[in-house]
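Chemist: What follows is the residue order along each chain.
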Amino acid sequence: MKPKKNRTRTQPARIRSTNRSAQRHSKLVPYLTHHLQMLIASLGYLSRSPVSSLMTSAVIAISLALPAGLYVALENAMKISAGWDGAARISLFLTPNTQLAEARALADRLRLNTQISRVDIIDRDTGLKQFQQISGFGDAIKFLDENPLPHVITVQPYDDRQNPDKIVRLVETLQQEKQVELAQLDMQWVKRLYTLLDVARRAIWIIGSLLGLAVLLIVGNTIRLDIQNRREVIQVSKLIGASNAFIRRPFLYTGLWYGLFGGLLAWLLVAVSLGIIAQPVQQLATLYYSDYQIMGLTPGDAGILVLASCLLGWLGSWLAVGRHLKDIEPS
Amino acid sequence: MIRFDNVVKRYPNGFEALSRASFHLPRGQLAYLTGHSGAGKSTLLKLIALIERPTRGQIFLDGVNLNNVPNRRIPMMRRKLGIIFQNHHLLSDRSAFDNVALPLVIQGYRHREIGKRVRAALDQVGLLSKEKAAPITLSGGEQQRVGIARAIVHKPTLLLADEPTGNLDPDLSREIMALFARFNQFGTTVLIASHDLDLIRITGHPVISLNAGRIERNELQMHAE
Chain B
36 MKPKKNRTRT QPARIRSTNR SAQRHSKLVP YLTHHLQMLI ASLGYLSRSP VSSLMTSAVI
96 AISLALPAGL YVALENAMKI SAGWDGAARI SLFLTPNTQL AEARALADRL RLNTQISRVD
156 IIDRDTGLKQ FQQISGFGDA IKFLDENPLP HVITVQPYDD RQNPDKIVRL VETLQQEKQV
216 ELAQLDMQWV KRLYTLLDVA RRAIWIIGSL LGLAVLLIVG NTIRLDIQNR REVIQVSKLI
276 GASNAFIRRP FLYTGLWYGL FGGLLAWLLV AVSLGIIAQP VQQLATLYYS DYQIMGLTPG
336 DAGILVLASC LLGWLGSWLA VGRHLKDIEP S
Chain D
155 MIRFDNVVKR YPNGFEALSR ASFHLPRGQL AYLTGHSGAG KSTLLKLIAL IERPTRGQIF
215 LDGVNLNNVP NRRIPMMRRK LGIIFQNHHL LSDRSAFDNV ALPLVIQGYR HREIGKRVRA
275 ALDQVGLLSK EKAAPITLSG GEQQRVGIAR AIVHKPTLLL ADEPTGNLDP DLSREIMALF
335 ARFNQFGTTV LIASHDLDLI RITGHPVISL NAGRIERNEL QMHAE
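Protein sequences, first through last, are from chains B and D.
When the letters of the first sequence are read in order and numbered with the working numbering, they come out as residues 36 to 366.
When the letters of the second sequence are read in order and numbered with the working numbering, they come out as residues 155 to 379.
With the rest of the complex left out, here is chain B:
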């Protein structure tokens, strides 16, 4: 829109030249130019009141950082538990007087069972070593006179999720073996964990949707105030023939910018929060003999976050403009 300074003027002014449409044959370039101008102009508009723009973006960011942060937490929980996926394992604790050879024989027999996919044997010495390593009672165990652990056979059944009853029956059969003191199904708690994660996932969706709605309202309200502040511009523009799309455009771009800044800020908030948490999490993991490292937002997730934020900003603005632009007519 700004004229170049050093341009030579053509012809003295003649306002009623006849050739009206010839220079306007292509409207696409001016149209795109105008979009670009509005994109930049709306950014300029925001930069004129940086504090309030930043505050609006911050409110959007906080609203989005909360579900995004919860999502990251859930993803981490899923990743930790992913190793246990399908872990319907049956542990057979053998009677204390069972010899290793007998245990091996039983294991071989179980391998022939068509319901069983995998059989492992943990002899009592290995069991003790593992227990020493994992439990943290290593020193205490040294004081024991003899190994208190029995041999253990772990059995992994086929098809565990679809047919929980079948597994329960298998456990019952295994319990009948005379060397087996206790047949224990290690599935219940995994089931509970998965159910809990499922509940958490849905809760996050609900929280996310509600806060997304909040973002719509925040942007809508901010844009409504913008519209009122620019009442005069709107009236004058309407009077000289501006279409509704033309008048809407700067506001839509303003909403888009709010969304973009809010989204980027939300990403930053999540990243910083994870940075703060990462170290204690690692310490906690070390205490559990794990080298687990907390996982942040993947670039894809972050992209979706920012994109969703932009969309919400645009949509919130669109709703506000649709509602309030009609009210402003020239008088």
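Rather than coming from a laboratory, the hints here were simulated on the basis of the structure.
Just so you know, these numbers come straight off a predicted model, no measurement behind them.
Don't take every hint at face value.
[Said to hold, decoys possible] Straight-line Cα separation of at most 27 Å, DSSO-like style, residue types lysine-lysine; simulated pairs:
| # | chain 1 | residue 1 | chain 2 | residue 2 |
| --- | --- | --- | --- | --- |
| 1 | B | 201 | B | 164 |
| 2 | D | 270 | D | 309 |
| 3 | B | 361 | D | 200 |
| 4 | B | 177 | D | 286 |
| 5 | D | 309 | D | 200 |
| 6 | B | 164 | B | 177 |
| 7 | D | 234 | D | 200 |
| 8 | B | 361 | D | 234 |
| 9 | D | 270 | D | 284 |
| 10 | B | 213 | B | 201 |
| 11 | B | 62 | D | 270 |
| 12 | B | 226 | B | 114 |
| 13 | D | 309 | D | 234 |
| 14 | D | 309 | D | 286 |
| 15 | B | 62 | D | 309 |
[Claimed, not checked] Label-pair distances were calculated between CB atoms; the ranges are:
| # | chain 1 | residue 1 | chain 2 | residue 2 | range |
| --- | --- | --- | --- | --- | --- |
| 16 | B | 85 | D | 366 | 39 to 45 Å |
| 17 | B | 335 | D | 217 | 56 to 62 Å |
| 18 | D | 217 | B | 279 | 51 to 57 Å |
| 19 | D | 325 | B | 66 | 43 to 49 Å |
| 20 | B | 85 | D | 351 | 35 to 41 Å |
| 21 | B | 264 | D | 218 | 18 to 24 Å |
[Claimed, not checked] Computed footprint of chain D on chain B; a stretch qualifies when at least three of its residues, placed anywhere within it, have a C-beta under 8 Å from a C-beta of chain D:
| # | segment |
| --- | --- |
| 22 | 226-239 |
| 23 | 265-276 |
| 24 | 351-363 |
The C-beta atom is built at its ideal place from N, Cα and C for all residues, glycine as well.
Let chain B serve as the given structure and place chain D on it in line with the hints.
Modeler: Positioned in the frame of chain B, the structure of chain D alone reads:
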């Protein structure tokens, strides 16, 4: 160019601003609209600019029956008009150049074309040197001339002016009226609402007088006869 056919405008509060008004302003004509405040001048202009819709009767603008123009087509109709306001309605946050450029931007003119036309329009009103000035730094007469430049920059077929000299001293008013006469000489149809009867007398253009919503005297008819 404009034809009013028994136009009635009654506001929701029952006030009848226009009563069975009929007149015809031919293409290329300049006419004045006079009357006391409240006589219906502004209402008449608002009906032409589609700011208000008539309660009864028909208005034709450039051959188009305005009753048949749906709301979404209003912007397109308004682009045929150049409207000048008493308080000029300039946007204070942009320069004179950008104010004048607004109708062209709205209509999607190319950048180069906009620069050329805006300067031509500013030249017409004698303000070429002030293109970068903010409206607030201009005098009342200059602001009004920027408003006029904005109204003519897109070469409207009809120029409407609502009390364009309302806030100006007599010398400036004469200057502004002379400007309108010049646009008219170039072929633009012009309708000026004004209560400045002395000024109107000396220009010698036909006058439509409104009184309490009725057309009391229509010199256009006499011209035609």
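Chemist: Indicate, hint by hint, whether the structure satisfies it.
Modeler: Results for each hint:
no.: 1; hint: B:201 to B:164; verdict: 33 Å, violated
no.: 2; hint: D:270 to D:309; verdict: 13 Å, holds
no.: 3; hint: B:361 to D:200; verdict: 18 Å, holds
no.: 4; hint: B:177 to D:286; verdict: 91 Å, violated
no.: 5; hint: D:309 to D:200; verdict: 20 Å, holds
no.: 6; hint: B:164 to B:177; verdict: 11 Å, holds
no.: 7; hint: D:234 to D:200; verdict: 14 Å, holds
no.: 8; hint: B:361 to D:234; verdict: 22 Å, holds
no.: 9; hint: D:270 to D:284; verdict: 15 Å, holds
no.: 10; hint: B:213 to B:201; verdict: 21 Å, holds
no.: 11; hint: B:62 to D:270; verdict: 18 Å, holds
no.: 12; hint: B:226 to B:114; verdict: 16 Å, holds
no.: 13; hint: D:309 to D:234; verdict: 8 Å, holds
no.: 14; hint: D:309 to D:286; verdict: 22 Å, holds
no.: 15; hint: B:62 to D:309; verdict: 18 Å, holds
no.: 16; hint: B:85 to D:366: 39 to 45 Å; verdict: 54 Å, violated
no.: 17; hint: B:335 to D:217: 56 to 62 Å; verdict: 59 Å, holds
no.: 18; hint: D:217 to B:279: 51 to 57 Å; verdict: 25 Å, violated
no.: 19; hint: D:325 to B:66: 43 to 49 Å; verdict: 44 Å, holds
no.: 20; hint: B:85 to D:351: 35 to 41 Å; verdict: 53 Å, violated
no.: 21; hint: B:264 to D:218: 18 to 24 Å; verdict: 35 Å, violated
no.: 22; hint: 226-239; verdict: violated (count 0)
no.: 23; hint: 265-276; verdict: holds (count 9)
no.: 24; hint: 351-363; verdict: violated (count 0)
Violated hints, listed in ascending order, are 1, 4, 16, 18, 20, 21, 22, 24; each of the other numbered hints is respected by the structure.
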